[in-house]
Amino acid sequence: MREPYPASQQDPGFSIEALESLLLALLAITAAALLFGAFLALQGHDALAVYRTLYLGAFGTRFSLESTLTQAAPLLLTALCTLIPARIGLLVIGAEGAVVMGGLGAALAGVALSDAPGAIGTVLTIATGALAGGLWIGAAGALKHFRGVNETISTLLLNYIAIALLNHLVSGPIRDFSQTLKAQSWSIPKSFMIGNIPGYSVHWGLLIGLVVCAVLHLVLRHTTLGFAMDILGGNRRAAQMTGLPIGRLVLFACFLGGAAAGLAGAIEVVAVHGAASESLVVGLGYAGILVAFLARQNPLAVVVVALVLGGISASGGLLQRRFDIPHAATTVLQGLIFLSVLASGTFRGRLLPRRNAP
Amino acid sequence: MTGTFDLGWWGVLLAVVAGAIRVSTPYLLVSLGETLTEKSGRVNLGLEGTLVFGAMSAFATCYLTGSPWLGMLAAGVAGSALGLLHAAICNLPRVNDVAVGIALFIFGIGLAFFLGKPFIEPRAPMLPGLPLGNWSSNPAVRSAFEVSPMFFFGIVLAIVLEWSLKHTRWGLILRIAGESADAARAIGLRINRIRTLATMAGGFLSGLGGGFLSLYYPGNWNEGLSSGQGLMAIALVIFARWSPMRCFYASLLFGGTAAIGPAVQTIGITEGYYLFYAAPYVLTLGLLIYSSSPTRTLAGAPAELSISR
Chain A
1 MREPYPASQQ DPGFSIEALE SLLLALLAIT AAALLFGAFL ALQGHDALAV YRTLYLGAFG
61 TRFSLESTLT QAAPLLLTAL CTLIPARIGL LVIGAEGAVV MGGLGAALAG VALSDAPGAI
121 GTVLTIATGA LAGGLWIGAA GALKHFRGVN ETISTLLLNY IAIALLNHLV SGPIRDFSQT
181 LKAQSWSIPK SFMIGNIPGY SVHWGLLIGL VVCAVLHLVL RHTTLGFAMD ILGGNRRAAQ
241 MTGLPIGRLV LFACFLGGAA AGLAGAIEVV AVHGAASESL VVGLGYAGIL VAFLARQNPL
301 AVVVVALVLG GISASGGLLQ RRFDIPHAAT TVLQGLIFLS VLASGTFRGR LLPRRNAP
Chain B
1 MTGTFDLGWW GVLLAVVAGA IRVSTPYLLV SLGETLTEKS GRVNLGLEGT LVFGAMSAFA
61 TCYLTGSPWL GMLAAGVAGS ALGLLHAAIC NLPRVNDVAV GIALFIFGIG LAFFLGKPFI
121 EPRAPMLPGL PLGNWSSNPA VRSAFEVSPM FFFGIVLAIV LEWSLKHTRW GLILRIAGES
181 ADAARAIGLR INRIRTLATM AGGFLSGLGG GFLSLYYPGN WNEGLSSGQG LMAIALVIFA
241 RWSPMRCFYA SLLFGGTAAI GPAVQTIGIT EGYYLFYAAP YVLTLGLLIY SSSPTRTLAG
301 APAELSISR
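Residue numbers (the numbering used here), protein chains in the order written: chain A, 1 to 358; chain B, 1 to 309.
These are calculated hints, taken from the structure and not from any lab test.
Yeah, the Cβ is synthetic: ideal placement off N, Cα and C, and Gly gets one too.
Keep in mind that a hint or two might mislead.
[To be verified] Some chain A residues judged to face chain B by a derived CB distance under 8 Å, without partners named: (1) F146; (2) R147; (3) V149.
[Claimed, not checked] These stretches of chain A come out as covered by chain B in the derived footprint (C-beta under 8 Å, 3 or more residues): (4) 159-166; (5) 340-346.
Excised from the complex, chain A in its bound form:
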């Protein structure tokens, strides 16, 4: 009944398209790794030794694996802020702002509900954060649909507006003046904090991220909603002709994407910081864009990519200690991978022969 549309939607594993995607990704990452190796060699470093350490720092020990998972957890969610709207053909880059709004919403809800029992308080706190992020990006979706405002630009602007709002609020109106070291909001009750997964030093946010990615995969792949989104993303005209509710899909996709990033911000608050502060603005949103693109807008691939990028980030400290390489080396490597993956997209459909080639 369902048309095999678009190509990337076919069952993974055995289709030529999936094989090609995998090959392209491997080629692109190899190219980036070679370039980065050459760059390190030019700086007088032993590239092979650096890579070995990078692996050790990312996945080599239990400690490094845990820190990789911690780094990856928020990326699972911030990537979705770009991924979900991208499925209907929108390029949203507002995860950074949605994380901030999510964190702010969670902190405010946590403080307001401080009399509530622990579990209910936690759930409501997190939900408020997701709602705040969803409304934030949903507003960009509304502007897109009702006024034709370009969503890429509006979400870029909303990032800065959200950050300014956060700085304004935590520097005065909701500032906890008992914290003298750092401007931060009032803290949420200790009983609302979600701890680590028992036996590991990784917080529950990781599991939430994994579940959300898995559920999203099912929704996008196996429901009419996901199918409708694919039609809209593939061909807007076709979507109009079939009478799809385009406006509602645009608003919904933007809301959902923003809610995912808002959830990431809320989890940062309830699992790590306990309050809203500038610690929410550490590039989680921008890294999420990278993850979404490397995963080619596929929620299951997001899990793999987030782990790899989380690993690269996590190994930065070890690289710095052992080779005296600046921490920014990991950013250079991520940038190179991003660039080469995008460039590799030009070979899509030309790398492997098609069964039913035109």
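Place chain B on chain A using the hints.
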């Protein structure tokens, strides 16, 4: 014996004017560069990375050679190198220029922080300013009117670009490439080459904008040097509707609003300090909402632009 305090509200006005001139210069340079790039039909969203990389290159070169002007040249060259990288990747078929811009943003910042690590501590000679306030005996006035030559360079460039986009052969070629790739191809223009040159020119100017940050105002190199001027400038180009002269006015406006916060702080008003930072962004968003329409593209936008379709 006159200082800022004695000037009261006049001091605030003076600080806003001085701030507008200082803060607007990098906005102006980057937005002129992005206007050129976008006129050719491409968006380079990575100018923030270019700006920071330019700032680092300028500072490092100036520190090593002792010449701030050589530093500015290095900033421009570094910026156009990143522009070339953006263009080279976007010249490949079926590559999204907005995404490449975001990648370049990450790459440029990483590269700048990596290579710039040894230059965070040292001091380097600064670009000289033109002492236009010497007529006054008030030190606040004198320092307010010490204007960088780069500001005047930016004004002249805006005028020249405004005129040449309309009246010269290359201006026309650039606009054709941005308005209709098919028309450009039909008359035998090489679109990829035009866009590559336009992106490199945009990178050069963004690099200069970064050089201004590290060698004039605030005048040092560290990892928090740019507060998003490169991204802001992209919004500014839209605010200015792709016109170089309007880029100039918009830069002054944005520079002025950014200067209001610190200026009113000097007379003891600290409330809402951070909200002033958001003013340019809110202004741009407001203008976008006002001037966009779901049925047609933004007036003045090059038709080939991915963000105006």
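| Interface hint outcome for F146 (chain A) [beta carbon to chain B under 8 Å] | 7 Å, holds
| query | With a cut-off of 8 Å between beta carbons, are at least three residues of the region 159-166 of chain A near chain B? | reply | holds (count 4)
| field | Closest C-beta approach of R147 (chain A) to chain B relative to 8 Å, hint status | value | 5 Å, holds
| Given V149 (chain A) was flagged as interface, is its beta-carbon under 8 Å from a beta-carbon of chain B? | 5 Å, holds
| request: Examine the region 340-346 of chain A: at least three residues should have C-beta closer than 8 Å to a C-beta of chain B. | output: Satisfied; 4 residues make the cut.
When the structure is compared with the earlier hints, no violation turns up for any of them.
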